[in-house]
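A.B. asks: Chains as they are written, first to last, in my numbering: chain A, 4 to 330; chain B, 484 to 765.
For the record, the hints were derived by calculation from the structure and aren't laboratory data.
Computed from a predicted structure; not experimentally measured.
C-beta atoms are modelled at their ideal positions from N, C-alpha and C, and glycine is treated no differently.
Hints are not guaranteed to be accurate.
To be verified - Just so you have them, the derived chain B footprint on chain A, three or more residues with Cβ under 8 Å:
no.	stretch
1	46–60
2	69–81
3	89–103
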Amino acid sequence: MSIEVKGINKQYGDFVALENINVSLPTGQLTALLGPSGGGKSTLLRIIAGLDTADSGTVSIEGVDATRLPAQKRNVGFVFQHYAVFKHMTVAKNVAFGLEIRKRPKAEVAERVDELLKLVHLSQFAHRLPSQLSGGQRQRLALARALAVEPSVLLLDEPFGALDAKVRKELRDWLRRLHDEVHVTTVFVTHDQEEALEVADEIVVINEGRVEQIGTPDQLYDEPANDFVMSFLGEVTTLEGQLIRPHDIEITVMPQHDDAVQAVVSRSLRIGFEARVQVLTDNGEEVTVVLTRSHARHLGLQAGQTVWVRAAQGALTVPSLRAVPAI
Amino acid sequence: MTNVIAPPAGPARTRRPSGGLFRLSTASGIGLGIGLVWFSVLVLLPLSAVVGAAAAGGWSAFAGTLTDPQTFAALRLTVVEAVLVTVVNAVIGTIVAWVLVRDDFVGKRLLDVVIDIPFALPTIVAGLVLLSLYGPDSPVGFNIVNTRTGIFLALLFVTLPFVVRTVQPVLLEIEVEAEEAAASLGASRFTTFRRVILPSLVPAITAGSSLGFARAISEFGSLVLISGNTPYQTEVASLKILKFLEGDNQAGAAAVAVLLLLVAVVVIVALDILSRRVARRA
Numbered sequence: 004m005s006i007e008v009k010g011i012n013k014q015y016g017d018f019v020a021l022e023n024i025n026v027s028l029p030t031g032q033l034t035a036l037l038g039p040s041g042g043g044k045s046t047l048l049r050i051i052a053g054l055d056t057a058d059s060g061t062v063s064i065e066g067v068d069a070t071r072l073p074a075q076k077r078n079v080g081f082v083f084q085h086y087a088v089f090k091h092m093t094v095a096k097n098v099a100f101g102l103e104i105r106k107r108p109k110a111e112v113a114e115r116v117d118e119l120l121k122l123v124h125l126s127q128f129a130h131r132l133p134s135q136l137s138g139g140q141r142q143r144l145a146l147a148r149a150l151a152v153e154p155s156v157l158l159l160d161e162p163f164g165a166l167d168a169k170v171r172k173e174l175r176d177w178l179r180r181l182h183d184e185v186h187v188t189t190v191f192v193t194h195d196q197e198e199a200l201e202v203a204d205e206i207v208v209i210n211e212g213r214v215e216q217i218g219t220p221d222q223l224y225d226e227p228a229n230d231f232v233m234s235f236l237g238e239v240t241t242l243e244g245q246l247i248r249p250h251d252i253e254i255t256v257m258p259q260h261d262d263a264v265q266a267v268v269s270r271s272l273r274i275g276f277e278a279r280v281q282v283l284t285d286n287g288e289e290v291t292v293v294l295t296r297s298h299a300r301h302l303g304l305q306a307g308q309t310v311w312v313r314a315a316q317g318a319l320t321v322p323s324l325r326a327v328p329a330i
Numbered sequence: 484m485t486n487v488i489a490p491p492a493g494p495a496r497t498r499r500p501s502g503g504l505f506r507l508s509t510a511s512g513i514g515l516g517i518g519l520v521w522f523s524v525l526v527l528l529p530l531s532a533v534v535g536a537a538a539a540g541g542w543s544a545f546a547g548t549l550t551d552p553q554t555f556a557a558l559r560l561t562v563v564e565a566v567l568v569t570v571v572n573a574v575i576g577t578i579v580a581w582v583l584v585r586d587d588f589v590g591k592r593l594l595d596v597v598i599d600i601p602f603a604l605p606t607i608v609a610g611l612v613l614l615s616l617y618g619p620d621s622p623v624g625f626n627i628v629n630t631r632t633g634i635f636l637a638l639l640f641v642t643l644p645f646v647v648r649t650v651q652p653v654l655l656e657i658e659v660e661a662e663e664a665a666a667s668l669g670a671s672r673f674t675t676f677r678r679v680i681l682p683s684l685v686p687a688i689t690a691g692s693s694l695g696f697a698r699a700i701s702e703f704g705s706l707v708l709i710s711g712n713t714p715y716q717t718e719v720a721s722l723k724i725l726k727f728l729e730g731d732n733q734a735g736a737a738a739v740a741v742l743l744l745l746v747a748v749v750v751i752v753a754l755d756i757l758s759r760r761v762a763r764r765a
């Protein structure tokens with residue numbers, strides 16, 4: 004195991020940021036810490052890096068107990084949401100920083116900087132100042148700087164959070180490919196479930212300071228441990244007191260199945276290739292149904308129409324215990 | 484990702500050369516005019532007048548005044564004290580600013596206000612304040628009247644806020660994350676300060692030091708009571724100018740004034756160059 008977190012607790016005054024966190028991450032894996040803002044995932048990442056200290060519990064990195072090691076000695080690469088580049092240094096100097104601290108010979112530093120700038124596609128900007136780069140370029144610079152010291156683990160705190168949607172998607176794909184090339188154990192924090200599902204080998208879902216579930220993207224999506232994980236990983240709606248994905252609901256204009264519930268269409272909306280239909284069941288439940296546009300057209304759904312809804316075969320449902328966040 | 488620095492758009496580029504340097508819009512023309520008149524009436528013309536007055540007696544009179552041992556001693560004392568005060572301020576001022584921004588302690592807000600008192604006080608009052616504690620009737624038994632230490636203390640007192648007040652806002656703006664990044668890259672606290680924080684502060688420290696130095700070589704009010712004005716010992720340039728004027732030696736006064744002016748310009752330019760060097764070398 005590359006990172007082993009055991010029994011971590013952290014409190015800020017009365018606020019419990021982390022409560023008995025146990026996570027172990029194998030070497031070479033790309034892991035996402037996923038959860039809503041303020042859930043404690045960044046705090047956990049900072050504790051692993053040594054930028055914050057836990058009230059109790061231990062952190063070991065590559066088999067070495069790092070609980071009491073200062074950040075300087077943990078050999079951890081850290082990438083911040085807002086880049087945290089050294090503004091007065093050129094791109095090349097930024098990347099060279101960690102190597103110069105380690106007093107590596109000049110030629111070796113120059114060579115390594117060259118190599119890394121190539122890796123992050125910033126070679127032609129080596130002599131620019133960070134202020135002359137775009138946000139995406141700055142974040143790649145920050146990544147190169149962190150990788151320069153050959154860290155045993157790479158930690159990224161909402162690395163794409165400050166970037167616009169298109170660049171975010173590009174960088175996300177790029178990070179995945181980079182990881183396949185470099186193979187350094189990587190942990191990144193995100194509140195974007197799509198990002199986590201797309202990039203990570205394994206996802207740790209953290210909410211209100213606790214680990215809700217650990218698993219591969221498929222496991223989390225197909226076998227959510229509880230209603231929180233289910234609702235956080237994708238859109239959900241409630242049907243007969245069960246959480247269910249809106250696209251897992253079957254809708255018919257005639258009563259074809261005994262277990263179907265009668266309802267009235269309150270609203271029908273088309274978004275791109277899909278149609279979203281809101282129906283109100285006889286027992287007063289607002290249910291959202293998502294179906295393809297052609298299917299919706301075929302049924303000819305209109306507001307006020309009577310329909311029958313039921314969970315499709317093989318649909319995943321979870322009992323609704325907590326309040327579902329409003330969609 | 485495309486190149487960020489794009490050349491300026493076409494029209495602006497093609498029109499410039501044909502219109503010449505002096506094509507301005509009405510608004511900026513008026514603005515520039517007001518600025519120039521204001522600056523001339525207040526600064527440039529009086530400055531030229533002083534230079535003119537200094538030159539009136541001819542080169543030999545000018546050189547004679549400045550090489551006069553007593554005047555020279557006063558000038559030297561002024562410049563040396565000002566340099567010392569500037570160096571001390573650059574260090575202490577930065578530390579005070581650091582404490583005010585980064586540390587939390589009881590009375591921090593009070594200290595933040597008190598820092599400005601040397602600015603707010605009339606300088607002669609500053610002299611009085613120092614005398615009441617370090618004067619002939621000193622309750623702590625430390626008399627600074629008529630000593631170079633006294634001049635040093637008075638100059639430190641009146642120039643204290645400059646560096647603090649220029650560094651403070653810059654320090655507030657610095658991202659703590661950059662320091663954390665340096666730490667995770669293995670940099671010690673000292674290395675982080677020297678290579679990450681200090682380079683960002685140097686322009687502010689320099690600006691504050693320049694202001695402080697200019698103030699120190701020209702200080703008059705607080706020194707009237709303290710320096711004692713003994714020739715060769717504690718006589719500073721500004722008081723020397725007063726003496727020349729009292730002796731109806733306009734040209735002498737102007738000569739000293741012009742030299743102080745030159746020193747100020749040289750030091751400010753030198754500090755600016757130094758700051759660029761340090762910022763680049765990081």
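A.B. asks: Decide, hint by hint, whether the structure agrees.
C.D. replies: So, going through the hints one by one against the coordinates:
no.	hint	in the structure
1	46–60	holds (count 3)
2	69–81	holds (count 9)
3	89–103	holds (count 6)
When each numbered hint is compared with the structure, no violation occurs for any of them.
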